[in-house]
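J.: Quick mapping for you: the protein sequence lines, in order, are chains V and Z. Its first residue numbered 1, the first sequence is counted upward by one per residue in this note's numbering. Its first residue numbered 1, the second sequence is counted upward by one per residue in this note's numbering.
FYI, nobody ran anything at the bench for these hints, they're computed from the structure. From a predicted model like this one, the values you see are computed outputs, not experimental measurements. A few of these clues could be false.
[Stated by the list, open to error] Here are the computed lysine to any residue pairs in the SDA-like style, where the Cα-Cα straight-line distance is at most 25 Å:
{"id": "1", "chain 1": "Z", "residue 1": "94", "chain 2": "V", "residue 2": "198"}
{"id": "2", "chain 1": "V", "residue 1": "198", "chain 2": "V", "residue 2": "213"}
{"id": "3", "chain 1": "Z", "residue 1": "94", "chain 2": "V", "residue 2": "155"}
{"id": "4", "chain 1": "Z", "residue 1": "94", "chain 2": "V", "residue 2": "213"}
{"id": "5", "chain 1": "Z", "residue 1": "94", "chain 2": "V", "residue 2": "140"}
{"id": "6", "chain 1": "Z", "residue 1": "94", "chain 2": "V", "residue 2": "127"}
{"id": "7", "chain 1": "Z", "residue 1": "94", "chain 2": "V", "residue 2": "180"}
[Said to hold, decoys possible] With the C-beta cut set under 10 Å, the calculated list includes, among others, these residues of chain V facing chain Z:
{"id": "8", "residue": "135"}
{"id": "9", "residue": "143"}
{"id": "10", "residue": "150"}
{"id": "11", "residue": "229"}
{"id": "12", "residue": "233"}
[Stated by the list, open to error] Cβ-to-Cβ under 7 Å is the rule here; a few derived chain V residues that face chain Z:
{"id": "13", "residue": "19"}
{"id": "14", "residue": "133"}
{"id": "15", "residue": "136"}
{"id": "16", "residue": "138"}
{"id": "17", "residue": "139"}
{"id": "18", "residue": "147"}
{"id": "19", "residue": "151"}
{"id": "20", "residue": "228"}
{"id": "21", "residue": "232"}
For glycine and all other residues, C-beta sits at the position ideal for the given N, C-alpha and C.
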Amino acid sequence: MGEIGEAAATALRLLWSAEPELFAIVALSLEVSLTATALAAAIGLPLGALLALARFPGRGALVLLVDAGMGLPPVVVGLLVYLLLSRAGPLGEFGLLFTPTAMVIAQTILVTPIVAALARRAVADLLEDYHEHLTSLGLRPLAAVPVLLFDARYRLATACLAGFGRAAAEVGAILIVGGNIREHTRTMTTAIALETSKGALEQALALGFVLILVVLAVNLAAAGLSTMARRIEG
Amino acid sequence: MIGRLTAARAEPGPLLPLEVEGLVVEAGGRRLLDGLAFTLRPERCTVILGPNGAGKSLLLRVLHGLLSPDRGTLRWAEPDPDRRRLAQAFVFQKPVLLRRSVRGDLAVALAARGVPRRERRARIAEALALVGLEGFEQRAARSLSGGEQQRLALARAWALRLQLLFLDEPTASLDPAATRMVEAIVRDLADRGVTIVMSTHDLGQARRLAEEVLFLYGGRLIEAADAGTFFTRPASPEARAFLAGELPA
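Kindly generate the complete structure, drawing on both the sequences and the hints.
T.: Pasting the structure below:
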């Protein structure tokens with residue numbers, strides 16, 4: 001217990017002293033996960049809306065695939081992206097393996113199904129409620145899309161937050177495709193894994209504190225969104 | 001601007017009379033509407049009366065074009081379906097309100113009907129005044145009370161400058177005070193030349209509002225008569241029993 005307490009005290013001192021390497025790790029983590037979430041939102045939100053609104057052959061299978069994709073194991077995604085980007089792989093010529101870009105690609109693959117599946121449910125629920133009213137107004141299905149997306153705004157934002165939470169806390173995929181290289185691809189989660197295995201608990205705990213703060217902030221934002229949504233949605 | 005009807009912007013001609021013949025709606029092997037035939041004339045207020053499950057809501061939805069009948073014809077005086085759409089609206093038993101402000105909710109409806117942005121503000125203010133919701137523009141539409149929500153739905157319909165308004169049991173879940181306000185608005189709309197077609201199972205309400213009555217029972221049209229005749233000399237045993245407040249067998 002004493003050892004852990006001492007480590008925690010050192011961790012706080014490390015944070016307090018604003019050590020540049022520590023902050024570089026935090027900054028890279030946020031950059032990678034935010035970029036991946038933005039890309040996942042750009043793909044997942046329209047995909048989710050399309051799956052909720054359009055009827056086409058194979059839609060059922062695609063819905064099932066996207067829903068199943070919410071539970072993709074990060075290490076498997078890491079492995080697949082590794083195979084794609086490795087020198088012998090189909091995208092090997094771009095030399096992306098062990099770069100932050102590779103980490104963004106892996107996390108985008110992890111987060112897109114989460115955003116798409118949650119967005120599809122949000123839009124489908126809304127459509128069920130609005131369908132007769134929108135038909136009565138004479139709005140064609142395509143023209144109803146902006147109305148539905150705007151009215152689902154809080155749930156869509158929550159979907160993006162859920163995706164970011166998953167990306168920020170994930171270690172398996174970025175460890176494989178990023179390689180946890182110091183001052184290049186080391187993020188909070190990969191650094192915690194490494195420092196713990198080396199027995200450097202202070203560093204690990206300091207980063208752990210920051211990671212927990214990030215996750216708390218995400219949850220706080222989600223709670224705030226749901227309060228605002230209740231006020232608007234009655 | 002997406003969202004507008006692509007129909008010709010010409011004003012729709014008179015929608016009514018509507019001649020309905022042999023209207024049938026089936027589901028799961030059951031006839032929910034069974035061979036209805038009648039003429040809907042531009043009276044002030046036609047009430048579709050009948051017990052629960054008679055097919056009243058279903059008939060309103062078919063007339064408004066939300067559902068297609070399995071058989072039968074509807075011959076409107078205005079032949080163009082897009083122009084017809086522009087001149088009618090539907091108020092649901094549980095009003096469907098958007099997840100935005102009162103103004104936003106009305107603005108979407110006006111935009112969908114192609115009303116230019118500069119005209120919307122005035123129309124919204126006028127419609128809210130008609131239903132006694134002045135000053136509610138910024139409130140979240142779904143945070144209003146049940147009665148206020150139904151009045152907002154009526155304001156939305158009025159803002160669309162319609163000829164024909166369908167109301168599906170608009171006061172079924174309201175208290176007497178809210179019901180009185182809604183009925184006053186309905187009368188007001190009728191005074192302004194809107195033809196009201198409304199379903200109810202509330203006899204008192206039918207007596208207060210109806211000029212014409214279509215009495216439905218078990219998916220069949222049992223009687224179509226002017227209100228005076230229907231309430232004083234009902235022709236069918238089903239209508240007599242319903243008016244006497246007896247429970248259907």
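J.: Going back to the hint list, which numbers does this structure go against?
T.: When the structure is compared with the hints, numbers 1, 4, 7, 13, 20 turn out to be violated.
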